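Colleague: Turn these sequences into a full structure, and let the hints guide you.
Chains as they are written, first to last, in my numbering: chain A, 1 to 120; chain B, 1 to 180.
No lab work stands behind these hints: they were computed from the structure.
Keep in mind that this is a model prediction, so the values were computed, not measured.
A couple of the hints might just be wrong.
As the list claims (entries may be wrong) - Pulled a few chain B residues facing chain A out of the computed Cβ check, cut under 8 Å:
1. 19
2. 46
3. 57
4. 109
5. 120
6. 124
7. 128
8. 137
9. 147
Note that beta-carbon positions come from the ideal geometry of N, C-alpha and C, so glycine has one too.
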Amino acid sequence: MKRWLRGELVLELLQSQGELRLLWRGKSTEREPGHFLVPVLAESFESARAAGLPLVLDFAALEYMNSSTFTPVVKALDDSRRLSVPVILEYALSRKWQALSFSALRTFETLDGRIKISGK
Amino acid sequence: MRVNGVKKQQLELGALDLRIEPEWEAVKAAWDPCRAALARAGLTADETYQIAMVAQELLENAVKYGAFGKGERILLGVRAAEEDVIVEVKNRVGVDDAHLSRFDRTIQWIRGFQDPFEAYVERMKLVSAQPYSHGESGLGLTRIAYEGRSIIDFYVDDENVLAVSAVYRRDAPGVTWRTP
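Modeller: In structure tokens:
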């Protein structure tokens with residue numbers, strides 16, 4: 001397991017059977033969250049590519065993220081395409097803000113399942 | 001609409017006025033007072049969250065793009081009524097501020113969509129298509145319109161104070177807010 005902490009945001013990269021999971025907890029409220037998130041996401045994608053596993057971006061436990069945080073997340077979906085790493089973005093339907101915001105990301109889903117957006 | 005005494009008193013408890021230092025950490029500290037005031041006015045947890053998010057996005061914009069003299073503050077006002085909640089953020093801006101033009105264009109762009117969900121999806125696509133940058137994406141304003149189900153407006157007064165208001169319609173009749 002690998003863990004990153006920035007302000008109120010905690011990210012944990014966990015490997016389990018058949019997937020690498022990046023858990024998001026707390027709040028992402030940095031002025032320029034990309035400074036912290038872009039390298040973490042790049043490392044997570046690289047680990048998934050090396051292990052031959054899909055990467056799950058798990059937002060279900062995240063309490064809040066500002067709009068600036070969406071930019072590195074959306075760009076990460078681009079990276080998955082470029083690196084040929086399947087990515088699953090999971091969010092909590094029970095959190096209204098997640099249900100609203102993340103459902104909009106379904107526009108990036110691919111027919112071959114390489115990018116999946118999944119509300120649970 | 002007629003408002004009985006108890007309800008009126010409850011709504012008055014939901015009024016909030018804060019003078020906030022134009023610092024990132026100070027803006028974040030507005031979250032809890034905002035939610036608490038709205039809860040006192042009888043709004044649901046989902047509503048208080050949505051409106052606090054609207055306030056945060058507007059305050060972040062104020063810190064990023066405001067032009068503050070010594071000791072100047074950002075003003076946050078929140079007023080709850082039976083049918084709507086108004087969030088207003090005021091801050092000084094620079095003369096002939098380029099941000100204001102982009103701000104205006106983004107608001108007009110959002111208004112061009114019948115459904116704010118479509119604006120939000122389109123903005124996500126634009127963000128995806130652009131090279132990564134820390135500059136203005138317009139995502140915050142679009143998020144206010146969609147996730148915050150608010151109508152945004154603004155004016156600039158003679159002293160170059162920008163006042164941005166977001167009107168959140170409670171149980172907006174006839175408006176379909178797309179859910180997954």
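Colleague: For the hint on residue 128 of chain B, just tell me whether its beta-carbon gets within less than 8 Å of chain A.
Modeller: Since chain A brings a Cβ to about 5 Å from residue 128 of chain B, closer than 8 Å, the hint holds.
Colleague: Residue 120 of chain B was flagged as interface toward chain A. Is the shortest Cβ-Cβ separation under 8 Å?
Modeller: holds (5 Å)
Colleague: Holds or violated: is there a CB of chain A closer than 8 Å to the CB of residue 46 of chain B?
Modeller: Hint holds; residue 46 of chain B Cβ to chain A Cβ min 5 Å, cut 8 Å.
Colleague: Mind checking the CB of residue 19 of chain B against every CB in chain A and telling me if the closest is under 8 Å?
Modeller: For residue 19 of chain B, the interface hint is violated, since the closest Cβ of chain A sits about 20 Å away, which is over 8 Å.
Colleague: Against chain A, is residue 57 of chain B within 8 Å by beta-carbon distance?
Modeller: holds (6 Å)
Colleague: Given residue 137 of chain B as an interface hint, is the shortest Cβ-Cβ distance to chain A below 8 Å?
Modeller: Check passed: Cβ of residue 137 of chain B comes within 6 Å of chain A, closer than 8 Å.
Colleague: Using the nearest Cβ pair, does residue 109 of chain B come within less than 8 Å of chain A?
Modeller: violated (15 Å)
Colleague: Hold the hint about residue 124 of chain B up to the distance rule: shortest CB distance to chain A must be less than 8 Å.
Modeller: holds (6 Å)
Colleague: Measuring from the C-beta of residue 147 of chain B to each C-beta in chain A, is the shortest one below 8 Å?
Modeller: holds (5 Å)
Checked against the numbered hints above, the structure breaks hints 1, 4 and satisfies the rest.
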